[in-house]
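K.L.:
So you can see what is in the structure, the chains are spelled out below.
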Amino acid sequence: MSSPGPESPVVVLSMGGVSKAFGAVQALRDVSFDCREGEVHALVGENGSGKSTLLGIASGFLAPDKGDVEIGGRRRRWCSPAEARRLGLGIAYQTYSHVNQLSVAENLYLAMPSSERPPYRRMDRWAASTLEEFKLDIPVRAGVGTLSLAQRQLLEVVKSLLAKPKVLLLDEPTTALGPEEVSQLHELVRERSRSGVGIVYVGHRLPEVLAIADRVSVLRDGVGQGTFGAAGLSEEELVALMIGRPLKLAFPERGAASREPEVLLDVSGLRGDRFGPIDLKVEKGEILGLAGAEGNGQVQFLRALAGVERPAGKASCDGAELNTRSPTGPMRAGVVLLSGDRALEALFPVLSVRTNTTIQVLRSFERFGFLRRGREKKAVEDMGRKLRIRMASIEQPVQSLSGGNQQKVSLTRPFLRGDVKVILADEPTQGVDVGARFDIYEALRAKANEGVALIVKSSDPIELAGLCDRVVVMSRGKIVDEIAGDQLGERRIVEAIVGSGATKAGT
Amino acid sequence: MRFRGWIPLVLLGALIVAVGAYTAVRQDAFLTEYNINNLLLATMPLALVSIGQTNALLVGGFDVSVAALITMCVVTASFTLKPDETTFGLFLGSLAILGVGFATGVFNATLIRVLKLPSIIATLGTLSILEGAALLLRDHPEGPINSDVIDKLNTSIRFMPVAFIGVVVLVVVADIWLYRSRTGMAVRAVGLDETSARRLGMSTGRIVFIAFVVCSVMASIAGFYSAAQLQIGSPIIGDYALTSIAAAVLGGASLAGGRGSFVGTLLAALFLTEISNVLPLFDQPTEYAQMTIGALILLALVLYQLPELIARWRSGRQSVGRLQGGDPEAPVASTTR
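Line by line, the protein sequences give chains A and B.
In case it helps, the numbering used here puts the first sequence at residues 1 to 507.
In case it helps, the numbering used here puts the second sequence at residues 1 to 337.
A hint or two may mislead.
[Unchecked claim] Cβ-to-Cβ under 7 Å is the rule here; a few derived chain A residues that face chain B:
#, residue
1, P81
2, Y93
3, S97
4, H98
5, V99
6, E106
7, A111
[Said to hold, decoys possible] Negatives, chain A to chain B, calculated, CB over 10 Å:
#, residue
8, P9
9, A21
10, G73
11, S268
12, Q430
13, I462
14, R470
15, A484
If you are wondering where the hints come from, they were derived from the structure by calculation, not from laboratory data.
A virtual CB, placed ideally from N, CA and C, is assigned to each residue, including glycine.
Taking the hints into account, I'd like the entire structure generated from these sequences.
P.N.:
Structure below.
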């Protein structure tokens, strides 16, 4: 028999002719997919192309309209998540499967197959040694809700491995991870695939995908575009397959160099939980990048500026001091935060795209206290076109959109307000892939050209180098480096992050 | 991160003793064997139904139909536990009452899990149906309950009803199960975050189903004690729906699901009954009892929040967000409830 690997004849997961529709939206159309033991099979596609739906069907969380699933040689029309697990399928969800109010140990315990669980009273000790095995430094008694997003993501992967699955599905496992943690995760994935586990890897960062995958399958609009060996595949070719046309320009053109330097946001000595003191000036029309390893205070700094967390020190916008004691002050002053956690903080998942888009600016559609629905509808439809939001109608609930399209909806808000001066964007392209990313970059740049100052926090150095006019690097809550002009490049940013003694996440 | 379950227990224990001591000093009639026995027996229906209600709250639901179910069980008892019934007939009659509880539980659980109705609406419907049915069977109080059965239910060793000892053992075992066992944790996980629980391969549907059936069966057992008190098939019985939810919440249960304590629930039921027992001794109208209970519920809930409020004042910052280094008790979005 041949050894496990991409050439192995043993198929651990196979899906045949799978179709699935959500209401009017056909999410998958006759898709077939297989994963052999010991290989890393990447699945790529734009937002809304059906990747998560395919994984949902494989894991038993969704039932297909047509087609069937075969796990470890057992064919099923549909099986429950519990049965899929028994057949040898493990999955790390993009949106996690943690019970946030329970401790890390309790969450690990729940993820363990019941027959192999240690006695309850030895749970904490067992959890600690399990985490040690995976080289994860997380306190087992901490509530999962208190962990950083990166820690939660790594914990999700660990949980998916506890049952020693034959096939492992990883849905966007690196969205919250910095470069260091990504390589830690990839090391783990390689080790597992060497030991014979078939791994399905859904990713949107193409360099990462090509680095880890043996084979790549591409989905576009719910239709399979074929399966390819990763070795002979370039990023450009992959993008072309994903979006159906070659991607001509990765980043929008920077603003004219001749603009009048005028400081719009002025921060001095701002301090808060996990960051500070920070002094920073951002000019009108400038996009400032905020780099650093995960958990070095970047997010807290942005949130403090928006008044979501309470800082000490001073910040002013357009000459007027910002009242950061609540989100209302900065909001009134024209400072808008685009939260990185769209599902929890930015959106009302059950409400429609229309409501989510216009909720902050309803006044502008008012006459005599009544809404003018026609105008509102037109404004939302315009935004939808501009950002290329993929939806059946503007009345569709936001939670039924794909992740990237949800992100776009949360981005629409500052665009409908005429009085926005500063946009604070926390990972604006998290979980968003190439084609859609460009739409978002373009929208942010257009805003800068209108004279808005932007701070963009991102864990992707390529994104920062391509989009921003200037990048500051944070470490342990302080700004340790500033990169601008000709210096600004991916390599230089990564060096600055690594060179500044980047700390581990969560410290 | 362990559930701060001791706060409700300590507070309720202190309140029960304080009210008792205050009364005992002023009223000789309070600390008599007869009155304590009465008080403990009077606690039984509320205690039992609240323990059931705690199950429903743990999995993130409500059961407001328990009020009408107790009435229905009392009315049923007036037909099946007649004074002239044989022992075997009484046995069957008791099974019939439990059967009413079980059937109601399955009905509720089916509405909630299979037809996906919100539990509060589903059980509101059941409440109305049972209320009407009870009035149809007995439009006014009539049909005495077998006195042997009443004596059995009220069997006491001096002031202590045997059944009360049973309930104490039950709640202690139930709390150990809830916080020190795998299945107990699974039940809490379903209440805290159903989507995650389902993703982890738990049979969330079955857990919720069982919780609602247990809730109704407990209510039907409460019906026995209610019947023992009234001694007649009355179609009008007090509002156990809201009181049982109040007792569970006072005992530490969260309306959002996943949190609660059976011991706390029993203490709360005892406390609520104590208040209504004590006020007549002071010749106070029962309206005061209602107002006192309301005020104490609010006070208790504020006290339960104290650790978080103090932590917030200390840190001097009020986090509006729910994300970074957030409050572990903060609500979490869930797609299905």
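K.L.:
Return the status of the interface hint for A/H98: holds when the least beta-carbon distance to chain B is below 7 Å, violated otherwise.
P.N.:
6 Å, holds
K.L.:
Test the statement that A/R470 is away from the interface with chain B: the closest C-beta pair must be farther apart than 10 Å.
P.N.:
25 Å, holds
K.L.:
Using the nearest Cβ pair, does A/E106 come within less than 7 Å of chain B?
P.N.:
6 Å, holds
K.L.:
At a threshold of 7 Å, is the proposed contact between A/Y93 and chain B supported by beta-carbon distances?
P.N.:
6 Å, holds
K.L.:
Against chain B, does A/A21 keep a CB gap of more than 10 Å to every residue?
P.N.:
Given that every Cβ of chain B is farther than 10 Å from that of A/A21, nearest at about 19 Å, it holds.
K.L.:
Is the shortest C-beta separation between A/P81 and chain B less than 7 Å?
P.N.:
5 Å, holds
K.L.:
A/Q430: least C-beta distance to chain B exceeds 10 Å?
P.N.:
Holds, because the least Cβ-Cβ distance between A/Q430 and chain B comes to about 13 Å, which exceeds 10 Å.
K.L.:
Just double-check A/P9 for me: nearest Cβ-Cβ distance to chain B has to come out over 10 Å.
P.N.:
Holds: least Cβ distance 29 Å, greater than 10 Å.
K.L.:
Under 7 Å, Cβ to Cβ, is where A/V99 needs to be relative to chain B, so tell me if that hint holds or is violated.
P.N.:
5 Å, holds
K.L.:
Please check whether the beta-carbon of A/G73 is more than 10 Å away from every beta-carbon in chain B.
P.N.:
Holds, since 20 Å exceeds 10 Å.
K.L.:
Min Cβ distance, A/S97 to chain B: is it shorter than 7 Å?
P.N.:
4 Å, holds
K.L.:
Does A/S268 clear chain B by more than 10 Å, comparing its Cβ with all Cβ atoms of that chain?
P.N.:
19 Å, holds
Checked against the numbered hints given earlier, this structure breaks none of them.
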